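Visitor: Take any residue in the sequence shown, count from 1 to its spot, add 93: that is its number in the numbering used here.
In case anyone wonders, no lab produced these hints; they're calculated from the structure. All values reported here derive from a predicted model rather than from experimental measurement. Mixed in with the good hints, there may be bad ones.
Here are the simulated lysine to any residue pairs, SDA-like style, with alpha carbons at most 20 Å apart [to be verified]: (1) Lys231 x Thr215; (2) Lys260 x Gly198; (3) Lys231 x Gln259; (4) Lys101 x Arg175; (5) Lys231 x Pro160; (6) Lys101 x Pro160; (7) Lys101 x Arg138; (8) Lys231 x Asp247; (9) Lys271 x Leu140; (10) Lys181 x Thr154; (11) Lys181 x Gly198; (12) Lys231 x Gln242; (13) Lys96 x Gln259; (14) Lys181 x Leu243; (15) Lys188 x Lys271; (16) Lys231 x Pro191; (17) Lys96 x Pro261; (18) Lys188 x Arg120; (19) Lys116 x Leu140; (20) Lys96 x Lys181; (21) Lys188 x Leu220; (22) Lys101 x Arg148; (23) Lys271 x Val147; (24) Lys188 x Glu144; (25) Lys181 x Tyr230; (26) Lys260 x Val141.
Computed Cβ-Cβ distance ranges for the label pairs, DEER-style [stated by the list, open to error]: (27) Gly235 x Ala186: 37 to 43 Å; (28) Met173 x Asp208: 17 to 23 Å; (29) Asp208 x Thr238: 35 to 41 Å; (30) Ala186 x Arg150: 36 to 42 Å; (31) Lys181 x Asp266: 16 to 22 Å.
By construction, the Cβ of each residue, glycine as well, lies at the ideal position given by its N, Cα and C atoms.
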Amino acid sequence: MQKAFRIKDGNDVLVISYEDMLKYHGRQFIGGVALAYKLLELALRELVPDEVPVRDRITITLGVYGPGIIDGIEMVTRAMRRNALLVKPQLAADKLAPDAADGQGGKYYFEIAYDDDKLNITLKPGLLPNEFIQLAYKTHDGTITEGEQLRLQDLKEEIAQFLLMQKPEDLFDYCQTKLSDS
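Let the hints inform the model, and build the full structure from the sequences given.
Guide: Laid out in structure tokens, this is it:
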């Protein structure tokens, strides 16, 4: 069982678990939900180590259009509702990050900020199976078969379990900067 996030929303401290994130999103893009969980685990640990983070102080930019990632982050941070979440695949174009088979040229590159402190994060290369990337591309060009669709969902489940078992620092390369350095 994964540790739950504690996050301040107004005067309330909410406790949101990975299971809660799945209830919000579902299982279609479960690997993305697991990735969002690990991204937030890393970012909140590094950016807000000694206090309960406040939702309204978090901003996020994604270099990939990933419905599971977006929903997972939204469940915890409400960044999309607050217009504090941007999806900008073009931001990641020149980054040394693995390609994301999102159909929009995205890469697994992320920027998560808390006030003026920001983490620039990339997924380490080689963590996602080539079969997953190939099948994901087929969903975008419409050539995926029913059998391949079932295999893709199995891969997403396997990837989610793999990600959840890892320490964030084993999944991501990251550096801390200031928002003003962007």
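Visitor: All hints are to be evaluated individually against the structure, with a verdict given for each.
Guide: Cross-check of the supplied hints:
With a C-alpha separation of about 24 Å, the suggested pair Lys231 and Thr215 falls outside the 20 Å cut-off, and the hint is violated. For the hint pairing Lys260 with Gly198, the CA-to-CA distance comes to about 27 Å; that exceeds 20 Å, so the pair is violated. Restraint check for Lys231 and Gln259: the C-alpha separation of about 28 Å exceeds 20 Å, so the hint is violated. Under the criterion of a C-alpha separation no larger than 20 Å, the hint pairing Lys101 with Arg175 is consistent with the structure, at around 15 Å.
For the proposed pair Lys231 and Pro160, the alpha carbon gap of about 17 Å is at most 20 Å, so the pair holds. Taking the CA atoms of Lys101 and Pro160, the gap is near 24 Å; set against the 20 Å cutoff, the hint is violated. A hinted pair counts as satisfied when its Cα atoms are at most 20 Å apart, and Lys101 with Arg138 qualifies at roughly 15 Å. Proposed proximity of Lys231 and Asp247 is supported: the alpha carbons are some 15 Å apart, at most 20 Å.
Restraint check for Lys271 and Leu140: satisfied, since their Cα atoms lie roughly 11 Å apart, inside the 20 Å limit. Simply put, Lys181 and Thr154 have alpha-carbon atoms about 7 Å apart, close enough for the 20 Å limit, and the pair holds. Between Lys181 and Gly198, the direct Cα distance comes to roughly 10 Å. Compliance with the 20 Å bound is thereby established for this hinted pair. Proposed proximity of Lys231 and Gln242 is supported: the alpha carbons are some 9 Å apart, at most 20 Å.
The suggested pairing of Lys96 with Gln259 holds, with an alpha-carbon distance near 13 Å, which does not exceed 20 Å. About 29 Å separates the Cα atoms of Lys181 and Leu243, which puts this hinted pair outside 20 Å; it is violated. A hinted pair counts as satisfied when its Cα atoms are at most 20 Å apart, and Lys188 with Lys271 qualifies at roughly 18 Å. Restraint check for Lys231 and Pro191: the C-alpha separation of about 18 Å stays at or below 20 Å, so the hint holds.
Restraint check for Lys96 and Pro261: the C-alpha separation of about 13 Å stays at or below 20 Å, so the hint holds. Proposed proximity of Lys188 and Arg120 is contradicted: the alpha carbons are some 29 Å apart, above 20 Å. Between Lys116 and Leu140 the alpha-carbon distance is near 27 Å, which puts this suggested pair outside the 20 Å criterion. Of the pairs offered as hints, the one joining Lys96 and Lys181 is violated, with about 29 Å between alpha carbons and a cut-off of 20 Å exceeded.
With a C-alpha separation of about 17 Å, the suggested pair Lys188 and Leu220 falls inside the 20 Å cut-off, and the hint holds. Of the supplied pair hints, the one linking Lys101 and Arg148 holds, its CA atoms being roughly 6 Å apart against a limit of 20 Å. A hinted pair counts as satisfied when its Cα atoms are at most 20 Å apart, and Lys271 with Val147 qualifies at roughly 18 Å. Restraint check: the Cα-Cα separation between Lys188 and Glu144 comes to about 31 Å, which exceeds 20 Å; the hinted pair is violated.
Pair hint Lys181 plus Tyr230 holds up; C-alpha atoms about 19 Å apart against a cutoff of 20 Å. Using a Cα cut-off of 20 Å, the hinted pair Lys260 and Val141 holds, with the two alpha carbons roughly 18 Å apart. A C-beta distance of roughly 25 Å is found between Gly235 and Ala186, which places it outside the suggested range of 37 to 43 Å. For Met173 and Asp208, the hinted distance range of 17 to 23 Å is satisfied, since their beta carbons lie about 19 Å from each other.
Between Asp208 and Thr238 the beta carbon distance is about 48 Å. The supplied range of 35 to 41 Å is therefore violated. In this structure the supplied range 36 to 42 Å is violated for Ala186 paired with Arg150, their Cβ-Cβ distance being about 28 Å. The hinted range of 16 to 22 Å is satisfied by Lys181 and Asp266, whose Cβ atoms lie roughly 19 Å apart.
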